[in-house]
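Participant: Quick mapping for you: the protein sequence lines, in order, are chains V and S.
Everything in the first sequence is counted per our numbering, starting at 1 for the first residue and increasing by one.
Everything in the second sequence is counted per our numbering, starting at 1 for the first residue and increasing by one.
Note that these hints are calculated values from the structure, not bench results.
Because the structure is a prediction, the values reported are computed rather than measured.
A portion of the hints provided could be inaccurate.
Stated by the list, open to error - Here are the simulated lysine-lysine pairs, DSS-like style, with alpha carbons at most 27 Å apart:
{"id": "1", "chain 1": "V", "residue 1": "Lys9", "chain 2": "V", "residue 2": "Lys44"}
{"id": "2", "chain 1": "V", "residue 1": "Lys9", "chain 2": "V", "residue 2": "Lys57"}
{"id": "3", "chain 1": "V", "residue 1": "Lys57", "chain 2": "V", "residue 2": "Lys14"}
{"id": "4", "chain 1": "S", "residue 1": "Lys54", "chain 2": "S", "residue 2": "Lys102"}
{"id": "5", "chain 1": "V", "residue 1": "Lys9", "chain 2": "S", "residue 2": "Lys102"}
{"id": "6", "chain 1": "S", "residue 1": "Lys54", "chain 2": "V", "residue 2": "Lys57"}
{"id": "7", "chain 1": "S", "residue 1": "Lys102", "chain 2": "V", "residue 2": "Lys44"}
Unchecked claim - Listed next, the stretches of chain S that the computed footprint assigns to chain V, with coverage defined by at least 3 CB atoms under 8 Å from CB atoms of chain V:
{"id": "8", "region": "38–44"}
{"id": "9", "region": "54–60"}
{"id": "10", "region": "69–82"}
In this text, a Cβ means the ideal position worked out from N, Cα and C, and glycines have one as well.
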Amino acid sequence: NAGVTQTPKFRILKIGQSMTLQCTQDMNHNYMYWYRQDPGMGLKLIYYSVGAGITDKGEVPNGYNVSRSTTEDFPLRLELAAPSQTSVYFCASSQDRDAYNEQFFGPGTRLTVL
Amino acid sequence: GIQVEQSPPDLILQEGANSTLRCNFSDSVNNLQWFHQNPWGQLINLFYIPSGTKQNGRLSATTVATERYSLLYISSSQTTDSGVYFCAVEGRQAGTALIFGKGTTLSVSS
Numbered sequence: 001n002a003g004v005t006q007t008p009k010f011r012i013l014k015i016g017q018s019m020t021l022q023c024t025q026d027m028n029h030n031y032m033y034w035y036r037q038d039p040g041m042g043l044k045l046i047y048y049s050v051g052a053g054i055t056d057k058g059e060v061p062n063g064y065n066v067s068r069s070t071t072e073d074f075p076l077r078l079e080l081a082a083p084s085q086t087s088v089y090f091c092a093s094s095q096d097r098d099a100y101n102e103q104f105f106g107p108g109t110r111l112t113v114l
Numbered sequence: 001g002i003q004v005e006q007s008p009p010d011l012i013l014q015e016g017a018n019s020t021l022r023c024n025f026s027d028s029v030n031n032l033q034w035f036h037q038n039p040w041g042q043l044i045n046l047f048y049i050p051s052g053t054k055q056n057g058r059l060s061a062t063t064v065a066t067e068r069y070s071l072l073y074i075s076s077s078q079t080t081d082s083g084v085y086f087c088a089v090e091g092r093q094a095g096t097a098l099i100f101g102k103g104t105t106l107s108v109s110s
């Protein structure tokens with residue numbers, strides 16, 4: 001099991017550019033999440049998904065979009081990058097909210113917008 | 001929403017010392033996890049502990065759900081224990097977010 005994998009590890013964008021952060025999990029988890037971590041802070045939820053075809057907003061969704069076409073993949077899209085989106089992005093997954101819901105995190109993507 | 005407070009914010013130890021990190025939360029929870037974020041930024045799951053006590057080597061954790069707090073114990077600390085320790089909780093109401101505290105930054109020197 002590779003667990004939760006994310007690509008790329010690092011990226012520098014110019015203001016107004018777009019990109020997709022990739023996230024894949026091989027644990028057959030239903031729930032997947034995107035968080036961002038700003039310097040010196042804990043993580044905040046951007047979007048989450050409870051299964052293929054179902055997504056919902058978290059605490060800080062503005063400027064991002066997601067899709068969930070398969071159980072394994074949960075890409076995060078930045079359409080018009082802004083300096084405020086400079087952050088470390090973590091993807092996570094968990095089996096089931098109502099039963100055992102330990103969340104497992106990927107290694108993160110460090111994004112800088114200049 | 002649910003509030004998570006961690007203390008102390010910073011902790012400096014000599015190698016071999018013991019420490020206790022505390023996490024207070026403001027409402028009932030379905031899920032509580034402790035993480036270690038190492039100096040490379042990687043989040044490492046330490047414990048999934050919505051209630052009770054667990055031990056893993058030199059680390060142990062206790063959550064007293066009725067009193068809304070959790071404790072993480074680190075014994076015989078090593079330099080590799082350095083980093084930020086996060087407590088994160090998920091409330092019982094709708095929504096599946098883990099709410100993170102601001103973390104405790106631990107520095108262990110030899």
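Participant: Find the hints from earlier in the document that the structure breaks and name them by number, from lowest to highest.
Facilitator: Failing hints, ascending: 6, 9 and 10.
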